[in-house]
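J.: Listed below are the residues making up each chain.
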Amino acid sequence: MEAPELLACRDVSLGYEGQSVLTHLDLSIQEGDYLCIVGDNGSGKSTLLRGLLGLLPPQSGEIWRSPDIRRGNLGYLPQQTRAQRDFPATVYEVVLSGCLNQKGMHFFYSPAQKSAALMNMGKLGVLELKDQCYRDLSGGQQQRVLLARALCAASKLLILDEPITGLDPAAAQDLYKLLSYLNRKEGMAIVMVTHDLKAALQSARTVLHIGRSSCFCGTVAEYLASPQGRRFQEVE
Amino acid sequence: MDLVQMFSYPFMQRALIAGVLVSLCAALLGVSLVLKRYSMIGDGLSHVSFGALAIAVALGMTPLYFSIPVVVLAAFFLLRMASHPHWNSDAAIAVMSASSLAIGIIVISRTTGMTTDVDNYMFGSVLAMTREDVALSVVLCAAVLVLFILFYHKLFAVTFDESFSRATGLKVERYNTLLAILTALTIVLGMRMMGAMLISSLVIFPALTAMRLFKSFRGVVVCSAVTSVACFCAGLTASFVLSTPVGASVVAANLGLFLLSCLAAALRKR
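Residue numbers (my numbering), protein chains in the order written: chain A, 1 to 236; chain B, 1 to 270.
Honestly, the hints are just simulated from the structure, not real lab data.
A few of these clues could be false.
Said to hold, decoys possible - Far from chain B, by Cβ distances over 12 Å, these chain A residues were calculated:
| no. | residue |
| --- | --- |
| 1 | Glu62 |
| 2 | Gly72 |
| 3 | Asp86 |
| 4 | Ser97 |
| 5 | Asn101 |
| 6 | His106 |
| 7 | Asp136 |
| 8 | Gly139 |
| 9 | Ala153 |
| 10 | Asp174 |
What the hints assert, rightly or not - Derived pair list, reagent style DSS-like, types lysine-lysine, alpha-carbon separation capped at 30 Å:
| no. | chain 1 | residue 1 | chain 2 | residue 2 |
| --- | --- | --- | --- | --- |
| 11 | B | Lys36 | A | Lys114 |
| 12 | A | Lys177 | B | Lys269 |
| 13 | B | Lys36 | A | Lys185 |
| 14 | B | Lys269 | A | Lys130 |
| 15 | A | Lys198 | A | Lys185 |
| 16 | A | Lys156 | B | Lys154 |
| 17 | B | Lys269 | A | Lys185 |
| 18 | A | Lys114 | B | Lys154 |
| 19 | A | Lys130 | B | Lys171 |
| 20 | A | Lys130 | B | Lys215 |
| 21 | B | Lys171 | A | Lys114 |
Cβ atoms here follow ideal geometry from the backbone N, Cα and C, with glycine treated the same way.
Bound conformation, chain A alone (with noise of 0.2 Å):
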């Protein structure tokens, strides 16, 4: 039983001025999948985000989106940038924020956006802190927080960019449990790129490796077994 595609790229290559740093890519993501994207330095793993985002057009081949997608129905966890580590906002205006994708023609936020912000802040564990300034916060805490903006714009799924860069340890097996939880009890789709495979493996189903010479796709129990997977490993 297939589940419906949310996202599919179909012999895609990507890349930035007529250098092409992908080629001839195959991948498809349906609902509730959960996979990762590991590989090199400089592999293209943020090249194929940006790609699977909409904000890089690929040079050959198509990226399909569902409709829903199409219309930004997803949730993007963005590297940080070191503007916003001193933006002046409470967490609240920064969830809220998440709502804006489906506002249409709306100039102003609707009681049903601002209790769906309230919940997902809730689901995160970040509703006591509506009122507190984002920059005053720990760098947990502001994932947190950019992921609860990310659930108000997303129903069906979550691409998230090394989203444990700067965390440390503890907090970072909270985002991990969290995403498990989202995925499993929610059916959010998750799509992350990481560095961190170990960890990655324990919780993800399917695996992108992108070398430099080649790819390889498939679910975990295939990834360790695939010549890339051994290497890893062996490095552990």
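Chain A is fixed; fit chain B onto it per the hints.
T.: Leaving out everything else, chain B in the frame of chain A:
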């Protein structure tokens, strides 16, 4: 007593109306500009508007009708450069500022000569606002305010996180352009009174002061607006009483309040 006398002069009334409106707009837009690290764009635009003003006077046109389109165009251009990965945007802004200043000065020296007019363009004058200028300022400032309030939430989202907004389907370019146009309008309107050299401080100072004091974005925006209007009124009064130039007095008032806010923030931290 002095105050009653002060506002019995029609030119002071005009300065007050136009100045309050322009400072309000500048402060609202300033919060976004400062947070997006676009402060230099405001500065660059003020220099461009100096060049445009000089050319307009040489051509015998109404200054505002000529400088508004020129500065809006420059705003587009600067914004493109700021987001272009291969351009060194702060160098580009510096080059553009100096060039427009140079062009303006050449045009002035070949036509009217370096008179007190130049001084007025550079550092502003209370007498600069004609009745028509005030009418245009009121209309444009009202437009800036309405657009800012309507798009407040979207401007917040775009300021806080461009890539998230873009990924979730917000038309980021559109809001950046809106911001640039509104900034250009505000700068052109304020520059005659505040002076080309000083107008950018009207955009930057109130936002910085407010960011020291408030934790929420809304708080910062409101505080910035209040600060800006209060400093303008204080500056205008001081300039009347002490016969100092109005632009410089307003900036001095802003500086004073900024230093106080730094002190307050430091005390609160201890």
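J.: Each hint: holds or not?
T.: Here is how each hint holds up against the structure:
1. Listed as a non-interface residue, Glu62 of chain A keeps its Cβ farther than 12 Å from every Cβ of chain B; the least gap is roughly 19 Å.
2. Residue placement check: Gly72 of chain A does not keep its beta carbon more than 12 Å from all beta carbons of chain B (closest about 2 Å).
3. A Cβ of chain B approaches the Cβ of Asp86 of chain A within 12 Å, the least distance being about 8 Å, so the stated non-interface status is violated.
4. Against chain B, the non-interface label of Ser97 of chain A is violated: not every CB pair exceeds 12 Å, the least being about 4 Å.
5. Remark: the non-interface label on Asn101 of chain A conflicts with the geometry, its nearest Cβ contact in chain B lying 4 Å away (cut-off 12 Å).
6. Listed as a non-interface residue, His106 of chain A fails to keep its Cβ farther than 12 Å from every Cβ of chain B; the least gap is roughly 9 Å.
7. A Cβ of chain B approaches the Cβ of Asp136 of chain A within 12 Å, the least distance being about 8 Å, so the stated non-interface status is violated.
8. Its beta-carbon lying about 16 Å from the closest one in chain B, Gly139 of chain A satisfies the requirement of being farther than 12 Å from that chain.
9. A beta-carbon of chain B comes within 12 Å of the beta-carbon of Ala153 of chain A; the shortest separation is about 5 Å.
10. No beta-carbon of chain B comes within 12 Å of the beta-carbon of Asp174 of chain A; the shortest separation is about 22 Å.
11. Of the pairs offered as hints, the one joining Lys36 of chain B and Lys114 of chain A holds, with about 26 Å between alpha carbons and a cut-off of 30 Å not exceeded.
12. Distance restraint check for Lys177 of chain A and Lys269 of chain B: the Cα-Cα separation of roughly 35 Å exceeds the 30 Å cut-off, and the hinted pair is therefore not satisfied.
13. As the CA atoms of Lys36 of chain B and Lys185 of chain A are separated by approximately 38 Å, the hinted pair breaks the 30 Å bound.
14. A hinted pair counts as satisfied when its Cα atoms are at most 30 Å apart, and Lys269 of chain B with Lys130 of chain A qualifies at roughly 21 Å.
15. Only pairs whose Cα atoms come within 30 Å are accepted, and Lys198 of chain A paired with Lys185 of chain A is accepted, the gap being roughly 23 Å.
16. A C-alpha spacing of about 23 Å is found between Lys156 of chain A and Lys154 of chain B, which places the hinted pair at or below 30 Å, so the restraint holds.
17. Note on Lys269 of chain B and Lys185 of chain A: the hinted pairing is violated, with a Cα-Cα distance of about 43 Å set against a maximum of 30 Å.
18. For the proposed pair Lys114 of chain A and Lys154 of chain B, the alpha carbon gap of about 15 Å is at most 30 Å, so the pair holds.
19. Between the alpha carbons of Lys130 of chain A and Lys171 of chain B the distance comes to roughly 28 Å, so the proposed pair stays at or under 30 Å and holds.
20. Restraint check for Lys130 of chain A and Lys215 of chain B: the C-alpha separation of about 12 Å stays at or below 30 Å, so the hint holds.
21. Restraint check for Lys171 of chain B and Lys114 of chain A: the C-alpha separation of about 22 Å stays at or below 30 Å, so the hint holds.
The structure does not agree with the numbered hints 2, 3, 4, 5, 6, 7, 9, 12, 13 and 17 stated previously, though it agrees with the rest.
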